[in-house]
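Spelled out, the chains give:
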Amino acid sequence: MAIIIDENTKAVVQGITGYQGSFHTERMLSYGTKIVAGVTPGKAGMEVHGVPVFNTVRDAVEETNANASVIFVPAAFAADAVFEAVDAGIKTIVCITEGIPVHDELKMYWKVKDSNVTLIGPNCPGIISPNKSHLGIMPPQIFMEGNVGIVSRSGTLTYQIAYNLTKLGIGQSTVLGIGGDRIIGSDFIDILERFEKDKETDLVVLIGEIGGTDEEKAAEFIKDMSKPVVGYIAGITAPPGKRMGHAGAIIEGGMGTAESKIKALNEVGVEVGKTPMEVAEIVKKKLKR
Amino acid sequence: MAIIIDENTKAVVQGITGYQGSFHTERMLSYGTKIVAGVTPGKAGMEVHGVPVFNTVRDAVEETNANASVIFVPAAFAADAVFEAVDAGIKTIVCITEGIPVHDELKMYWKVKDSNVTLIGPNCPGIISPNKSHLGIMPPQIFMEGNVGIVSRSGTLTYQIAYNLTKLGIGQSTVLGIGGDRIIGSDFIDILERFEKDKETDLVVLIGEIGGTDEEKAAEFIKDMSKPVVGYIAGITAPPGKRMGHAGAIIEGGMGTAESKIKALNEVGVEVGKTPMEVAEIVKKKLKR
Amino acid sequence: MKLHEYQAKQIFAQNGIKIPKGKLAKSVEEVEAIVREFGKAVLKSQVLVGGRGKAGGIKLVNSVDEAVEKAKELFGKEIKGHLVEKIYVEEQLDIDREMYVGFTLDRANKGIAAIVSSIGGMNIEEIAAKHPDKIARKTINPKWGLWDYQIRELLYESNMPKEYFKEVFGIIKKLYNVMIKYEAELTEINPLVVTKDGEVIAADARLNIDDNALYRHKDLAELKDYTEIDQLERIAEQKGLNYVKLDGNIGVIANGAGMSMATMDLIYLEGGKPANFLDIGGGASAELVKEAMSIILQDKNVKVIFINIFGGITRCDQVAEGLIKALSEMKVGIPIVLRLAGTNEEEGRKMIEEFLKQTKEEIVLVETMEEGAKKAVELAR
Amino acid sequence: MKLHEYQAKQIFAQNGIKIPKGKLAKSVEEVEAIVREFGKAVLKSQVLVGGRGKAGGIKLVNSVDEAVEKAKELFGKEIKGHLVEKIYVEEQLDIDREMYVGFTLDRANKGIAAIVSSIGGMNIEEIAAKHPDKIARKTINPKWGLWDYQIRELLYESNMPKEYFKEVFGIIKKLYNVMIKYEAELTEINPLVVTKDGEVIAADARLNIDDNALYRHKDLAELKDYTEIDQLERIAEQKGLNYVKLDGNIGVIANGAGMSMATMDLIYLEGGKPANFLDIGGGASAELVKEAMSIILQDKNVKVIFINIFGGITRCDQVAEGLIKALSEMKVGIPIVLRLAGTNEEEGRKMIEEFLKQTKEEIVLVETMEEGAKKAVELAR
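Chains as they are written, first to last, in this note's numbering: chain L, 1 to 289; chain W, 290 to 578; chain S, 579 to 959; chain H, 960 to 1340.
If we strip away everything but chain L, and leave its shape as in the complex, we get (with noise of 0.2 Å):
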């Protein structure tokens, strides 16, 4: 099973022939991912990686049936890029483009809603299940396939993370980055959802940080879940009104800080590991049981 990707995921990457997005188009073939098309406007007949190379979405899709697109253009072209791949008819959208204008975000947030489409990020990772589909920038070498979902908002400290639980021989059935900015396309809740009815999923590893009340709203979903979550929060120590790196990690008007979250988290019977040891820990210590 898995959520969201998995062995029939067909994508195109929008801005393939860039620096990034052929970079990593190499890196997802080459962990086995299906990347069927890319799409740069003008560029239609070339090659990257072996991949046939598209103007529109709507032409690979045509072309290949591609059922996904991970994003690689500039900030100021990857709105005009997630509704391009809406109307071409994706149903999974990954964007990793960082620096999106936010009110552009809100357009985004809006349309793949209206069009019932998963978008993950912007400014984020991506998205893995080991040994199916890497729609994304991780370091797909870390991670294990297993029964541990694990959603994050940051991603060096996911990796952090999964790597622990890889090491202590625990695997991973689905691990994405939801993405750093304030508006974002899933959030903890929309991906909650999907582990919790995902039948190779266990148990669910919740990385959050300051900023927002992402993760208050998920503890009171996680109340009703039937499956166990182990959190982590990150941002103990920032000072109110500075931006931690993501634009969505700040503390406004007393809002969001990791105290807050980390009680709602406690309160639902989240365990919250206080280092990214001690969440591997307890979701061994949990498995166990």
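No wet-lab data here; the hints were simulated from the structure.
Glycine included, C-beta positions come from ideal geometry on N, C-alpha and C.
Misleading hints may appear alongside valid ones.
Here are the in silico distance ranges between beta carbons for each label pair [unchecked claim]:
{"#": "1", "chain 1": "W", "residue 1": "E434", "chain 2": "L", "residue 2": "D114", "range": "49 to 55 Å"}
{"#": "2", "chain 1": "S", "residue 1": "E907", "chain 2": "L", "residue 2": "D114", "range": "58 to 64 Å"}
{"#": "3", "chain 1": "L", "residue 1": "Y19", "chain 2": "H", "residue 2": "S986", "range": "47 to 53 Å"}
Take the given structure of chain L and dock chains W, S and H to it, following the hints.
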């Protein structure tokens, strides 16, 4: 049963303090329609024919649990009124107002579509489920409860045909005018779908006119309907390029002639009456079988 | 409301779309002066009807003398029933290629239809039929407006040559802005010309504004050319009546657009010919009925008038009152077939019956609209 | 990017929102000249921080002498860590009532939050807590934008007195346009003042623009006041590094924002205090690592540096190379705790081990980030 409105319909009148709003509120009330509130900004606290007036639809819905709205506000404010009703949680909107700018109508269409709200009109005479509820400006005395549904692009012509049916002793389940504009909230198919499902309706009369391709599309739908449909199309003598009163009643670029519509209907087994009287006679004949 | 080419072009230019150099002339003398300035020129009749070119309304002139001669031909000429009173004089373009860009209301898909073709000059239906590979069409959802990827799709799907991509991309964007900003029902550049110098320029311009939105565009409303509208239709519009002149001899008055059309159709089915469409609307006053009578009577072809009223909001007694007023104040002299049904039917009929005792005008009261049509056709023979 | 009050007001005025008469002064002499012109005035320190008033950054002056005296006090004063270098001199308003209108990004509902209050002057959280009946809040969906009924609902729900409806209605509309047009994250008028003459006027102005959108608003980008940003943070920004200065003594370098925060947190859990947040991002070059080192070393509080890298796209050998370069080119003089894991971990560690043989700088290689934090805290004591 009946469709869209019945004895459980509790309606707000938007623009109740205007001349039209007030006049027709009295008529609807006297027919037994549950008009539970009126809305005119700045007029909260007033009463019109015993109906309490509120500043906003939201207030009206909170106080009265209204589930429908009839809109009589001037054309310049009609789109805003529809948006307000939708966001206040109203599920059935009948927009009587004529002369609404077509770009506003496009927005209205997508707003109600997004929220799964039923919009009848604009520029329509409304809807009546005889002896149950009447939202609009029809002459209710000519209708009789029964098993024939009528859906029409015209007002007076609807009355004429309903009157002919009533005189022949044939009653109606629900009668409604979908409006004479080019962009309307519900088209023939939306209504035919409901009549097809309605247990009280045994036969449907479809009254079309020149312009657009709505009747042709309806024909495609009728092909798969289990209930008989009888048709009437006005405008055989209308010249191309001239609007026949309704903004939508215009033959443009060779599209939308009465001939093409009659042909499409005939092809799917719909008998099309040459005169309003003949329509009633065909209905009578069909019901006897 | 349709704008003339010269008006539409002015608006295009204000919105960043390149147009040829041009000036409006209302007399042969003005044409002469402008051509003296331009050298070679095109004289374009400003009439609100398609296919001007084929109908001889557009003339290339290569000298002042030729301009004067052609201008004399054009002024006063009738093109598809439209009188030429204004000529737009434009520089001649050195045309390398013709293309097409247009937007129109998309009733079926509830949006704005965007149409682009890499060839142009002929009408768009013709392009669609003859060169389906050179034309692209897309519906723009009003929720989101026009996005760049849609423009790219239009360009690729219409097989637009790459060298014009950038220019045409910009023009599509600007023309869409015109469509939205002025609440147009249709706007079109056909042909969109590429000159031998590589300039991309709107050689023609169409812009039809939604009449219902004119209250938000007062400056455009002032551009309305009333000389282009049939005089009776214009008067009717001012009185609040929907009137369309036709070429039959049976005048029709009814309430409701559908009812009016149905009445015309009945006349036709009985072998007669309607002289007009006239809808007095819902809840008409006696005064309005009188106005309707007066408009129809100005059409000298009319031999009989069929008044067909189904009273809902409209009250039959009001209609009778209006009719009596009209007959009292003006000489009608032709028979009237009258059918009154619905609200206050009895009162109306009684009023007419009373009136008939004291007038020499002929009013035939009928029971149904079918019967009325039959009678009217008989009387018109 | 936050705009100063005087900059935001200029934009408000350009968009039809009334503002008081005012001029910017950069010296006591300029203040003096302006107050000489205005008579009575308000001196408002232009610092990008909330609560200026309570912190003594705003002074009413009723004479030129008083203005000079207060201006001298204000210039050079530090308000919540921000140095006063500019004073906006405004006419005094005869205030009858204070209200509030604001828009801000609504993360939870994925839209624009509209907030209106019929009272103002204090901060909006305080109004919400103390006068919940005087405040109204609504989410505007970006698909449809702000509609009139929403403005009416905001006015009614905030119990806005009827006599201000029309004016405030217009201001809400205009302020929303500012929010959208300039791609703001937040814009606010607090207080929105009604003067004794009945004028409704923006007495204060906040406008924060989305940094990611500045490329579309070049004119605004030029208004950026770099003096308001910590110098080190400014330099880091120019180098493409995310750096936030904190007040601890353990410098932190990590890749990824979450990872950087987690590293800070670990230090805190071990009883230490991080000196900064510094994210070198994904796929950092050796050069960028060197720059990161150089920025941290400029913070004189730093006693130890903890470099925590989990290599995904980032290659550990690149990080090692950058670190070696930094240590070769500048004198560090404080211990470095280094944790390298992931891509090319072995190569990186080997490079460091080799380098350690030829340098006097102290580099402690650790296996895990938990161990690293512990070690760094030890070394900082």
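Verification of the hints:
no. : hint                         : result
1   : W:E434 to L:D114: 49 to 55 Å : violated, 40 Å
2   : S:E907 to L:D114: 58 to 64 Å : holds, 60 Å
3   : L:Y19 to H:S986: 47 to 53 Å  : holds, 49 Å
Hint check: a violation occurs at hint 1 only; the rest are consistent with the structure.
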